[in-house]
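Q: Place chain L on chain H using the hints.
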Amino acid sequence: MRKPITILVSIDSNSLLLGARHLKNYLINRLEHYNLTGLVDVLETGSLGRYDQGVLFLLLPDNRLYGIKDTNDIELFVVEQLLKGRPVKDLIIEEIQPPKTVEAKKVTEEERIVLKRAGKIDPKNIEEYIALDGYRGLARALEMKPADVVEEIKASGLRGRGGAGFPTGLKWEFTMKVDAPEKFVICNADEGEPGTFKDRLIMEGDPHSVIEGMLIAGYAVGASKGYVYIRGEYFESVDNLRNAIAQAYEYGLLGKNILGSGFDFDLTVRLGAGAYVCGEETALIESIEGKSGRPRLKPPYPPVKGLFQKPTVVNNVETFASVPTIVMKGANWFKGIGTPSSPGTKVFSLCGNIVRRGIVEAPMGTTVADLIFKYGGGIENGKKLKMVQTGGAAGTFIRADEINVPLDFDSFKNHGASLGSGVILAIDDSHCAVDVALNLMEFFAHESCGKCTPCREGTRLIVNILKEFSKGRGTREMLDNLYNIAYTMQNSAFCGLGQSVPVPLTSMLDRFRDEFEAHVGVDACPVGVCKFDKKKKKVRK
Amino acid sequence: MSFEEVRNTIKEIYEKVNSESLDERDNLINILHAIQEYYGNYIPLEAAEVLKELTGKPLSKIYEVLTFYTMFSTNKRGKYVIRVCKSLPCHVTGGAAVLESLKDALEIDYGQTTQDGLFTLEESSCLGLCGVSPVMLINDEAYGNLTPEKVKEIIEEIKEKERSGVK
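Those sequence lines, one after another, are chains H and L. In terms of the working numbering, the first sequence opens at residue 1 and continues consecutively. In terms of the working numbering, the second sequence opens at residue 1 and continues consecutively.
Chain H on its own, in the form it takes in the complex:
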């Protein structure tokens, strides 16, 4: 039986680094010391979303969220809150006033669909998932005809959350309609987009939601095998998902004749090995087939010819995690959230020079300003916002005066900012545009798989030119050249990686051109970040 008081400790890859496990053990130690173990349960749960106030303890049934930084905080928490029943105001996060620049609204008013269980359940225990409506979406799907499930997803307007925003139902329909003896479902969990850590926290906080989404997809399109392709560096995600898969098998939710419906589905985890390009679906498929991850020529697209040349549905972690609730509550409910062209919510990763780095799930159409100032608490160290990169490494840079852009899948078309994978990377005014551009382009140069010339050579040329600027040797002609290279790559690179490199590059050049020009013919970087080569003094003979 549950004890009268429960303390949920938010444990995920980020909070582990803040000492979450150590603090949890210390808490248990103190509970023993004060003879409270009969009254208080301490449970591990997934991400509660933020990291600026230490490790998060959620006290139930009071529903009070504590931010614990060290063992002294725990002592105070146990003695005051648990023994004497007096809330420790200084440690309670919901009552802490955010900095003055922030609208005084609580972080908790975000809308949670994908993350509705993260931070509430023990991700290692399938029963807690089931207790909070887990696998009910699957049960409902299995009562429907596969085509009706596809229809429901189509009607919901769900678009892929990996970045491209392709309609999920349409993708499933392609695969469903192909007649083949064997089909596959792949979960793309190779989240390599710098700044994106939402998928990781979904897998760590609520792994069964991903499995359930994949099962529904498998049933809808007629697939019997699935793979979760996870980044090799994501040790905690791999552990949690493997554990969840084993439990799902134990409960008859994977394997043969699932819930007595006659539907069979097997699922396994495959590890990536460190290649950004493997997030591209055909490169990912090549990697599962045991090859180097170089993209394939499309068409044929994976829904028709994918893994081992069989029809394959490839969706992102967040997409799959959205599916069970949509099936359970229906397409109309889902369409009531977000914007008309992009229904639902989006999990955003807030990072960079922001006060509350972490994840937040908000309805589509939320503005960049809200994400940074309302949910993110503004810019750290009292500095000013200079630029924001939205959407990930391949996303756009916008200026501080453009942050009222609402983010949905069409925002790029309408406002020139991309939603992409949901990254909000805030950069303060102590940074130099040239330096930021160089860092980003070095990433692409390193991650280019080398298959096609425009990307392999283009990224290198871009890096070389930006290096000239960062050393004080740039010219205005070089800037025009960057546009030329960008144009060429956009139109001739083989896959999405190469084609999207120009997006961040040209958005940066368009909006911060003056800063690039300020590097030409001067003695030092205007912001003082770039280290210029010293000019050789003329030696008199």
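For the record, the hints were derived by calculation from the structure and aren't laboratory data. Don't be surprised by glycine CBs; every beta carbon is placed ideally from N, CA and C. Wrong hints could be hidden among the right ones.
According to the in silico footprint, chain L covers these stretches of chain H (three or more CB under 8 Å from chain L) [what the hints assert, rightly or not]:
| id | region |
| --- | --- |
| 1 | 396-405 |
| 2 | 442-449 |
Straight-line Cα separation of at most 20 Å, PhoX-like style, residue types lysine-lysine; simulated pairs [claimed, not checked]:
| id | chain 1 | residue 1 | chain 2 | residue 2 |
| --- | --- | --- | --- | --- |
| 3 | H | K534 | H | K471 |
| 4 | H | K451 | L | K61 |
| 5 | L | K152 | L | K103 |
| 6 | H | K291 | L | K57 |
Pulled a few chain H residues facing chain L out of the computed Cβ check, cut under 10 Å [unchecked claim]:
| id | residue |
| --- | --- |
| 7 | G195 |
| 8 | F308 |
| 9 | I427 |
A: Chain L in isolation, oriented as in the chain H frame:
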């Protein structure tokens, strides 16, 4: 280690990983992960020869895979492989200074291993821990909210642990 020993080891790993698989065609990357784990941070080139025999794939294809992915190495790496993130979210939160301090503390450049065989320093792309950037991974343990001072402490701690022989 003789070729025969390598062959037996690899064969054993190959069979074990295959037995846990959905499809025997899908396993090369997982097998390479298992081999690398067994040898501790690297894959001996002989392993490719054995895998050629076992999988029937051309040697060139196996070499290609081995060298394509950054997590695999055919050179012997140090006991502690340090992967430090140099992506933009870490860069703008003080990552550049952290990168420099690592090079200083270890007295090596990226891609190199220290003389005593203890550390290999590698640059990495985003590790998905941007909530606590700048970040690095030492083998499979992550360290966040790094500063140059913290980096030096961490390296010193490991060195001290090694000197005193504590496991």
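Q: Given the hinted pair K291 (chain H) and K57 (chain L), is their alpha-carbon gap at most 20 Å?
A: holds (10 Å)
Q: Using C-beta distances, would you say chain L covers the region 396-405 of chain H, given that this needs three or more residues below 8 Å?
A: Three-residue rule not met by the region 396-405 of chain H, so violated; n is 0.
Q: Would the hint on G195 (chain H) be counted as holding, given a Cβ-Cβ threshold of 10 Å to chain L?
A: Given a least distance of 5 Å, the restraint on G195 (chain H) holds.
Q: Do at least three Cβ atoms from the region 442-449 of chain H come closer than 8 Å to Cβ atoms of chain L?
A: holds (count 5)
Q: Does the alpha-carbon distance linking K152 (chain L) and K103 (chain L) stay inside the 20 Å limit?
A: holds (10 Å)
Q: Against chain L, with CB atoms and a cut of 10 Å, does the hint on I427 (chain H) hold up?
A: Nearest chain L Cβ about 5 Å off; hint holds.
Q: Would the hint linking K451 (chain H) and K61 (chain L) be met if the CA-CA limit is 20 Å?
A: Holds, because 15 Å separates the two Cα atoms, which is no more than 20 Å.
Q: Using 10 Å as the Cβ threshold, decide whether F308 (chain H) counts as touching chain L.
A: Hint on F308 (chain H): holds, closest Cβ of chain L at ~6 Å, below 10 Å.
Q: Does K534 (chain H) pair with K471 (chain H) here, judged by a C-alpha cut-off of 20 Å?
A: holds (9 Å)
Hint compliance for this structure: hint 1 alone is broken.
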